[in-house]
Amino acid sequence: MQSAIGLLLAGLIAGGWLGIHAYGMFVFELTWANLPFALVLALVQVWLSVGVFIVCHDAMHGSLVPNRSRVNAVIGTVLLFLYAGFAWRKLRDAHFAHHRLAGKTGDPDFDENNPTSFLRWYGTFFKRYFGWQSLVFVHMVVGIYWLVIGIPMVQIVLLYGAPALLSSLQLFYFGTFRPHRHTLEQNDGEFADNHNTRSDEFGTVTSLATCFHFGYHLEHHRRPDVPWWALPGARRAGIGLERPRKEIAA
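Numbering (the working numbering), first residue to last: 4 to 253.
Rather than coming from a laboratory, the hints here were simulated on the basis of the structure.
Note that this is a predicted model, so its numbers are computed, not measured.
Accuracy of the hints is not assured; some may be wrong.
Simulated restraints on C-beta separations [unchecked claim]:
#1 V30 - E115: 39 to 49 Å
#2 A7 - F99: 24 to 34 Å
#3 V43 - A195: 30 to 40 Å
#4 W149 - L46: 39 to 49 Å
#5 L244 - I152: 46 to 56 Å
We treat Cβ as the ideally placed atom computed from N, Cα and C, and that holds for glycine.
Produce the complete structure using the sequences and hints provided.
What follows is the structure, given as structure tokens:
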């Protein structure tokens, strides 16, 4: 059942993401009259881009299709490459390092020198993950779209570049900075356990809209085998409490 639900949702998210991209690049023609529609399309693409990365994240943990490591790897490899030219193995290993060293020296998602600064931490995060391979990939795609196919640059920026960049900001803010940040308020930087993370108090709809439930971050760190769509159930089960009431099935 988990595999069926995971693959269905992954297909809807990735299919919608690819469909909007194809429509925005090869069918849609941007004008002043349809600019409001284009902006809505871009915002939807930002959200779906976040969803694509969360699908890849579940694949890293094997929770997308349990007990089928090859299937998880293939899906994650293809989607991460299409997302921004990312390498599956490199990102998977970095994410596992994050779980081992959450909020400590050596955690690739954490900026120990700027644990309270969103902008400085995001800069560190961006430099660590968006390496030369990603930059080459993005520039090649943009070059082909602009110079070979003839798509206007403003359309490429609005419907391809901006959603990709904004989705990275959304993922970082709701999935890394808010859960793992330190604050200047006394004691507020303390965490429940050695996972060094906290969860948002968002309701289910808001949690889905912000980061596909990745804001339920303590639940995820305690039960990384739980897929993104089951994290609200993990929260209701008390997995994110200081003393969890019960476990839930993966």
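Q: State the violated hints by number, sorted upward, taking the hints as numbered earlier in the document.
A: Checked against the structure, the only hint that fails is number 4, while the rest are satisfied.
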